[in-house]
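Using the hints provided, position chains B, C and D relative to the given structure of chain A.
Keeping their order, the protein sequence lines are chains A, B, C and D. Mapped onto my numbering, the consecutive letters of the first sequence carry residue numbers 1 to 115. Mapped onto my numbering, the consecutive letters of the second sequence carry residue numbers 1 to 158. Mapped onto my numbering, the consecutive letters of the third sequence carry residue numbers 1 to 113. Mapped onto my numbering, the consecutive letters of the fourth sequence carry residue numbers 1 to 521.
Incorrect hints may have been included.
Claimed, not checked - In the DSSO-like style, the derived pairs of lysine-lysine whose C-alpha atoms are separated by at most 27 Å in a straight line are:
| hint | chain 1 | residue 1 | chain 2 | residue 2 |
| --- | --- | --- | --- | --- |
| 1 | D | K54 | D | K465 |
| 2 | B | K154 | A | K100 |
| 3 | C | K47 | D | K54 |
| 4 | D | K385 | C | K58 |
| 5 | C | K77 | D | K308 |
| 6 | D | K465 | C | K58 |
| 7 | D | K460 | D | K385 |
Don't read these hints as lab results, they were simulated from the structure.
So the chains spell out like this:
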Amino acid sequence: MIGNFPYIAVIIFIGLGIYTLIFKRNLIKIAIGICLIENGVNLFLITLGFRKGAVAPIYTQAPSGQAMVLPTPQALTLTSIVIGVATTALILSMVMMIYKHYGTIEVNEVRRLRG
Amino acid sequence: MKEMSKIVRNVTNLVYGFIIIFGFYIIAHGHLTPGGGFQGGAVVASAFALLLISYGQLKAKKFLNINIFSLLESCGLTMFIVVAFLGLGTTFFYNFLANSGSWFGHMVIPGINPGDMNTAGVLPLMNIAVGLEVFAGLGIIVLLMADGAEFTKKKENS
Amino acid sequence: MLGLLETGSGFWSAVVWVILVLVIGSIVYYIRNKGEESYKKNTEQDKPFLSGNPEKAKEGSHISASHIYWGFTEALKGYYNPLVKIHTGDINDYSGWIVLITVVILIIVGVRE
Amino acid sequence: MNLSNHTPILILAVPLLAAFLIPIIGKINKKATGIFATLVLGLSLIFTIILAVKILSVGPQIYVFGAKSPFLTLPSGLKFPIRIMFQVDAMGIFMGLITALVSFLGAIYSLAFINKNNGVDNYYSLLLLLTVSMFGMEFTGDIFNFFVFLEIASMASVSLICYRGTDLGEPVEAGFKYMVVSSISALMVLFAVGIFYGEYDVLNIAAIASVMKHSQLDKIALGILVSVLAMKAGAVPVHMWTPDAYSEAPAPITMILVVASQASLYAMFRVVFSLYNITLNTLAVGWIIIIFGLLSMFIGVTMAIIQKDIKRLMAYHAISQTGYMLLGVGVGLAVLANPTALQRYGITAMEGGIFHIMNHAMYKGLLFLTAGALFFRTGTRNLDKMGGLAHYMKYTTIFFIIGAAAIAGLPPFNGFASKILIYESVYKFNPLLSIIAMVVSILTLASFVKVFHSAFLGPKLPQFKEVKEVPRSMVLAMAVLSCIIIFFGLFPDLIVKNLVHPAVMSLIEQFKYTNTVLGGM
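Next up, chain A with everything else stripped away, as it sits in the complex:
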């Protein structure tokens, strides 16, 4: 009986991610915060498709008569993970370029554009 544990885990993931985004001063930690939120949302999508006592939705050699978990949220999560890879790669390469130009990755020093 899994009850609402996954949904609580989702709330904790997203809460931690938002906490790191708002309070942490290091750019790498902000990239980690985004990955945390992304994992939380992916976990949320996966638990939506959960059916009690069901098996992974693989059609080949599947035992007939066995209930299957919903396949669509898993496809959505897969696309979200692919996008997550691209986003994280982009953010980390930008952090490297900022370090190259600014010499620092502290948030309160990387703010020449303000006002």
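Coordinates of chains B, C and D only, in the frame set by chain A:
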């Protein structure tokens, strides 16, 4: 980056061939077993990352440089879109090979069925195109990150 | 008629407006030409009268952008200082603003009714 | 296989294929990539016009991917739409026309603007990718597909903002901020998509709209979507990425970024009008959007007056003009529930708001291109260092005057046509809003007089002696935009009757939107 120890380099020489074959297995059987273009491409790209870390740099291997990867990536992407365009007879992304008896299209009954390599029509072609594109793309990312790390290390030392 | 835009209570026609401007403009131009033409070009009459002092070079006299509305910004200092301070430019505040606005809207839309 | 019923996908697929071919063409000969990209964007502009004529005459078009009909009938006879599909109605193609035109002109402008040495083929493939993702956001009928295109659009625009980042630090900082902000908002959109899928087991916008019960969960999804898409459109409390991103990106890219944030604005209208429509509390959500609009208008223009960087000033004006659109459509939404008020001024307010999207894309694009021309010749964006450029750059000055007059809403130009629609209808809803809108318009004129004086007027400065007019391709792009502004200004009723009114109707009538998909049940 300097080279890792001899043990690591030897283990890498032994292992990276199998990783690449396993990656291609995942790409090719995308429509049967869990996996597909992206996951298989990521496994193959992990083999390049292993090589890069153990040997410190890939320049020694002539064919593993940025231009080859970017060319492969463009070919993979173009192949994906062209295969999607071929379905334009009825609609974009139409699976014109399925149940058509030709190359990938064995007859298949809907619902639970054993299925083999060529029952999914256009899907294996799409998986191969995406796999090609992803392992080239991730290869470029790994190489550029390595160059970036090299640059920042030099900057810190000086 | 082409160019007539119904705007709720009345209409707006740019074509008629342009025709009006041209007609009135030509009348004004005609009246202006009636005026005295006795001054001769680039002679003493053409120069600006600075009570006899020589005209300074113009390069130095260009008012740059940051001084143009100093009166406006000076008067509204009470409004501008906090506003500019809010635009801090660091990412933590940007993400803070989004989360704050999402929570506020969720309260208004979600809980209120 | 006639081409005309495949146009929705050809508008996207041809630039996408070109975007992937460009690195290969780039290896053969550097100069060809720009011309190839411009030709492809011209082709997709032609396809968009064909599709627009077809939609305005026949009706909304559906284009299903991968099968003939979007439905899957289970053995139990239950039928529901599972295929990813494009549903292009009058509002979608209205935004599609803006996107196609602006990206085509952006490509022409960047032929001369982008110097040939560093990464030209990356620039053009990212430009095509950005255009494709904007088309995708405007045409898609599937809510998860919208999330994917939203993410592609933010990634492509971030990489283009960082285009000058190899030798400068600021563009990378601006790009990083925009990427962090876009990632949070895209993940929240995905959360809302998860809520819709969890509740209704279907991802098609029309199908969700037909079974929408407006439960507590839907209110949470609505709250998330409205605040996140307002952020992507640049409404005030969450607008701070806009000045950084617009001022650091190359000029043609800023012009396209303006239209990209308008695509998110379109998405907010689509969510509010086509997904929820009457089921939500129209007065409350309408007033939320109106308050977003008011804040954007007032704070946008007051911040613009004190700016010293020309593109940062114009970025703040983009925020304040987005406030006009939000105000117009917000009033339309607020009175959506009672039909008499809707007929009296609601529809005119929405027509004003949506017509303003088209006008804003035109004159804001023109202004950013003139700012790019100044930067191209003088190498600086700081207004304090500029002066007396009218002596050397005649055409750019004329284009700047047209753009500034249009944004300030002076009569013969198109800004006035849409602003008068907003003023008169919003006055009937609540006079104070209309007065604030007029004050903001005056302040807009004030700040552009400041830019005109400090950049163009004044004596010939010695350091700009060798400045001469910009190359022909940049002048061509600016000239086309100016002709469009003058034409829209002189004959606004043509555009409002044929393009804007059907778009407003397609937003208001939700049953028509759902019938085009479920009608074929």
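Results for each hint:
1. D/K54 <-> D/K465: 53 Å, violated
2. B/K154 <-> A/K100: Measuring from Cα to Cα gives roughly 11 Å; hence the hint holds.
3. C/K47 <-> D/K54: 64 Å, violated
4. D/K385 <-> C/K58: 15 Å, holds
5. C/K77 <-> D/K308: 17 Å, holds
6. D/K465 <-> C/K58: Roughly 15 Å between the alpha carbons, so the hint for D/K465 and C/K58 holds.
7. D/K460 <-> D/K385: Distance of about 12 Å is within 27 Å: holds.
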